[in-house]
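Let's have the full structure, built from the sequences with the hints guiding it.
Position 57 of the sequence shown, counted from 1, bears residue number 1032 in our numbering, the numbering being contiguous throughout.
Hint data in this document are derived by calculation from the structure and do not stem from the laboratory. Keep in mind that a hint or two might mislead.
Claimed, not checked - In silico DMTMM-like links for lysine to aspartate or glutamate, alpha-carbon gap of 20 Å or less:
| # | residue 1 | residue 2 |
| --- | --- | --- |
| 1 | Lys999 | Glu1034 |
| 2 | Lys999 | Asp1027 |
| 3 | Lys999 | Glu1020 |
| 4 | Lys994 | Glu1020 |
| 5 | Lys994 | Glu1006 |
| 6 | Lys994 | Glu1034 |
| 7 | Lys994 | Asp1027 |
Stated by the list, open to error - Restraint ranges, calculated between C-beta atoms of paired labels, are given here:
| # | residue 1 | residue 2 | range |
| --- | --- | --- | --- |
| 8 | Ser989 | Val1033 | 17 to 25 Å |
| 9 | Arg1026 | Glu995 | 27 to 35 Å |
| 10 | Glu987 | Gly1030 | 14 to 22 Å |
| 11 | Pro986 | Gly1030 | 27 to 35 Å |
| 12 | Ser981 | Pro1003 | 14 to 22 Å |
| 13 | Thr1018 | Glu995 | 15 to 23 Å |
| 14 | Asp1027 | Glu995 | 12 to 20 Å |
Cβ coordinates follow ideal geometry from the N, Cα and C atoms, glycine included.
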Amino acid sequence: DLHHISFSLRPETSMSEFKEHLRKEEVPITEGPALPDPTETYTSENCVHFRDPNGHFVEVHQWEVDADAR
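In structure tokens form, the structure reads like this:
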């Protein structure tokens, strides 16, 4: 019962570049996080989701370093 899978962009790739790539490929996108969460830091500026060709729900967000992982 997987809801979605999430990926982070590499630091050298901007969210605007990624969104433009999806639009060129005519992939319908929705901006913002896949699941609403008041504690989440993802917004329409740094997160996008869409369905892959098999219908899986995919979320891609801007790369960021978790302070705890440093």
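Results for each hint:
no., hint, result
1, Lys999 with Glu1034, "18 Å, holds"
2, Lys999 with Asp1027, "15 Å, holds"
3, Lys999 with Glu1020, "19 Å, holds"
4, Lys994 with Glu1020, "10 Å, holds"
5, Lys994 with Glu1006, "9 Å, holds"
6, Lys994 with Glu1034, "12 Å, holds"
7, Lys994 with Asp1027, "14 Å, holds"
8, Ser989 with Val1033: 17 to 25 Å, "18 Å, holds"
9, Arg1026 with Glu995: 27 to 35 Å, "19 Å, violated"
10, Glu987 with Gly1030: 14 to 22 Å, "30 Å, violated"
11, Pro986 with Gly1030: 27 to 35 Å, "30 Å, holds"
12, Ser981 with Pro1003: 14 to 22 Å, "18 Å, holds"
13, Thr1018 with Glu995: 15 to 23 Å, "18 Å, holds"
14, Asp1027 with Glu995: 12 to 20 Å, "18 Å, holds"
The earlier numbered hints that this structure contradicts are 9, 10.
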